[in-house]
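Asker: Taken in order, these protein sequences are the chains called C and P. First residue of the first sequence: 25, per the working numbering; consecutive thereafter. First residue of the second sequence: 363, per the working numbering; consecutive thereafter.
These are calculated hints, taken from the structure and not from any lab test. Possibly wrong hints are sitting among the right ones.
As the list claims (entries may be wrong) - Capping the alpha-carbon separation at 30 Å, the derived lysine-lysine pairs in BS3-like fashion look like this:
# : chain 1 : residue 1 : chain 2 : residue 2
1 : C       : K310      : P       : K456
2 : P       : K456      : C       : K66
3 : P       : K411      : C       : K310
4 : P       : K456      : C       : K169
5 : C       : K169      : P       : K451
6 : P       : K448      : C       : K428
7 : P       : K411      : C       : K428
Claimed, not checked - Covered stretches of chain C, going by a simulated chain P footprint (3 or more residues, C-beta under 8 Å):
#  : segment
8  : 164–171
9  : 174–184
10 : 195–206
11 : 224–232
Claimed, not checked - To give an idea of the interface, some chain C residues facing chain P are shown, with a C-beta separation under 7 Å as derived from the structure:
#  : residue
12 : P135
13 : H137
14 : I427
15 : R458
All C-beta atoms, glycine included, are put in the ideal place defined by N, C-alpha and C.
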Amino acid sequence: MRKSLPQHALGLGLVALLGAGLPSAALATVSETERLNELQQKLDQSLRMIDALATRVRELEAKETATAAAVAQKPAAPAAEDAHRIESVEQKIAQIETANASHRVDESSLPIHGFADVGAGTHNPLNPDLKGFNVGNFDLYLTPKLGDHTRSLVELNVEVGDDGSVGLDLERAQIGYQFGDTATVWLGRFHTPYGYTNTALHHGGWIATALERAKFLNFEDHGGILPNHTVGAWATGAVRTSGGRVLWDVYTGNSQQIIGGVVDMRNAGNGSGNLMVGGRLAYEFKSGAVDGLTLGLFGFTAKIADDQLPVHETRLRVLGAHVVYDTDAFENMAEYYYFSNDDLSGNTGSHKSQAGYVQLGYRAAWGVPYLRYERTVLDQADQQASGGSYHRGAAGVRFDLDIKSALKFEVSNTRDTDRLNDQYNEALVQYAIRF
Amino acid sequence: MQFASNAFRAPHRTGRAGRALALATLLAIAGLAPAFAGDVVVICNLDVKLAPADVKDVFIGEKVFAGAVRLVPADNTALQASFLDKVMKLDAGKYTGIWTKKSFRDGANPPPVKANDAEVIAFVKSTVGACGYVASEPAGVAVIAKF
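Chain C extracted, bound-state conformation (with noise of 0.2 Å):
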C-alpha cells in the first residue's frame, strides 16, 4: 500500500508529460522557434507538476507513517489497563473464595456442630460454694444425613460437674422418620418438650442469651428438679395457618427414677414399666402487630420411684404455660409450672408446688442487657421435692464479639427460702461460642 503512492505520481506524471506533448505534433505548421518554445513551457509546467506531485507524495508518506507508528503505539495502553482489570478480578476471586472458605457449611454427609464455653465468677453457675475460672460445656451434635424422611440427631456433651469431675454424657440419640411439614416420630433419648428452655435453650452457652437459666431448669445431675431427658417415642410438628403455626408435641417414655437424690431417665428402661406421658401445645404467631409471639401451654404426668427401701413411689402431675416474645427488638420469656404430687407409698397425701420466672431481653445494637426474675415454692412435704425454694433476681448483658461467639456477664442475688435458708450474691463472665 504503502509503495503504491509513488507510483500514482509517475504514472500522474507520465500521463501529464503526454498529455503535454500531443497537442505539438498537431502543430506541425507552426514555426520551428515557437515550437521549440511552447514545448519549453510546457515541459516547465510539467516538471513543476512532477515536483507538486513528488511534494504531495513524501506528505502523504509521512503521513501514514506517523499512522502506522501511533496505530502500533495504541494496543499497549489497553493491554496494560486489561492487566490491571483482570488482576483486580481475580484479587476479586481470591477474597469470595476465602469468604466462601469461612461461610461454607459442612456438606459432608455428616455435620459436626457444637458449642463449648469457659468463665470466671465469684460463685461457679452450678456450685454456689466454689467461686474462681471454671470449664462448662464442650457439646457436640451430629446431624447426619439420611435420608428424604429419616432424621437422626446425637449429642454427646462432655461437662465439669459441680464437684469439678469431668464427665462424658449422651444427652441425645434420637432417630425419627418425617412424614411431611407437619409431623415426625422421633425414638430414642430426646429433650422432654415442655416449657421453652428445655428444648430451644438446653445446652451450648452461646445459643441462649442469658448467662445461667433459671436455677429450678438446670439439668437432672445439676440439681434440676425436672426430668429434662425421656427415653421414649416422641410426635412433633407444625401446623401452618395464615397468621402463624400450631406446633404440637405428645410423647411417652420411660418414667424417670430417683437414685441417688438424682432424676434419672432410665436410658435402659425401668424395672416398673411404668411409663411417663406428656404434650405440649402451642401457636406461633408469624404476622401483625403480635409477630414473633408464642403462646403454649404443656403437661406431663409419671410414676416416680426412688432407690430408697422402701420404695417411696409418686404420681407426678405437672402442667405449665410459657409465652415467649422473640422479635429483632426484644427477647423476652416467661415459663410457669405447676406441681400436683400424690404420694403413692406412704399417707402425706397430695403436695402442691409452683415454680416459674420472667425474663426480659433488649436487642440493642451494641449488645443485649437482660432482666430475669426466678421463684420456686416447692412444698418440702412432698417425698419427690428435689430442691429447695428460692427468689433470684439476676441483670446481666450479652456482646456478641461476632456471629460465632459471645461474652456475657451477669450478676445476681438468691435468696433460699425454706431447705437451705441461705443468701449470696454472683458475679459472673461467660466466654462461649459456637462452631
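Knowing the structure of chain C, use the given hints to seat chain P on it.
Answerer: Chain P in isolation, oriented as in the chain C frame:
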C-alpha cells in the same frame, strides 16, 4: 438508506454487546454480578411446585416438603446480602442464629452455600428438590418468584 446505515453499524454494536457479555460473564464468574443487579430471582428444580409465599419458610427450614419432594435450599454467597434484605428481612447474624437454633432443636441442617449464580444454577438443575436464588432468570429451572 436507513437500513443500509444500520446494517453498516451492526458489526460495531455486536462488538460492544460481545464485550459487555464477556465482561458480565467474567463478573458473574467472579461473583460480582450482584453488585450491578437489583433483582433476586428465586429458582427451583423443575420438579418443585412452590408458592412465592413459601420461600421464606423454605430458607429457614420450616417448610421441608413440596408435595412429596423434599426441598433442598441452597444459599448464594454472592447474592446473600440482597436475598436476606429483600426476601427474608433478616440480617446475616440473625439468619445464622435461626439456623443454629433450628439445627440444635430439630436436627435440621442449614442450606449448603454456593459461591455464585453459576454454582447455584448448576446445583438447582442437577438436584431434585433444590431451590436457590440468582440475580437473573436462567433457563431450565422453575422460577418461583422475583423480588
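Asker: Output the indices of the hints that this structure fails to meet, ascending.
Answerer: Violated hints (numbers, rising): 2, 7; every other hint is consistent with the structure.
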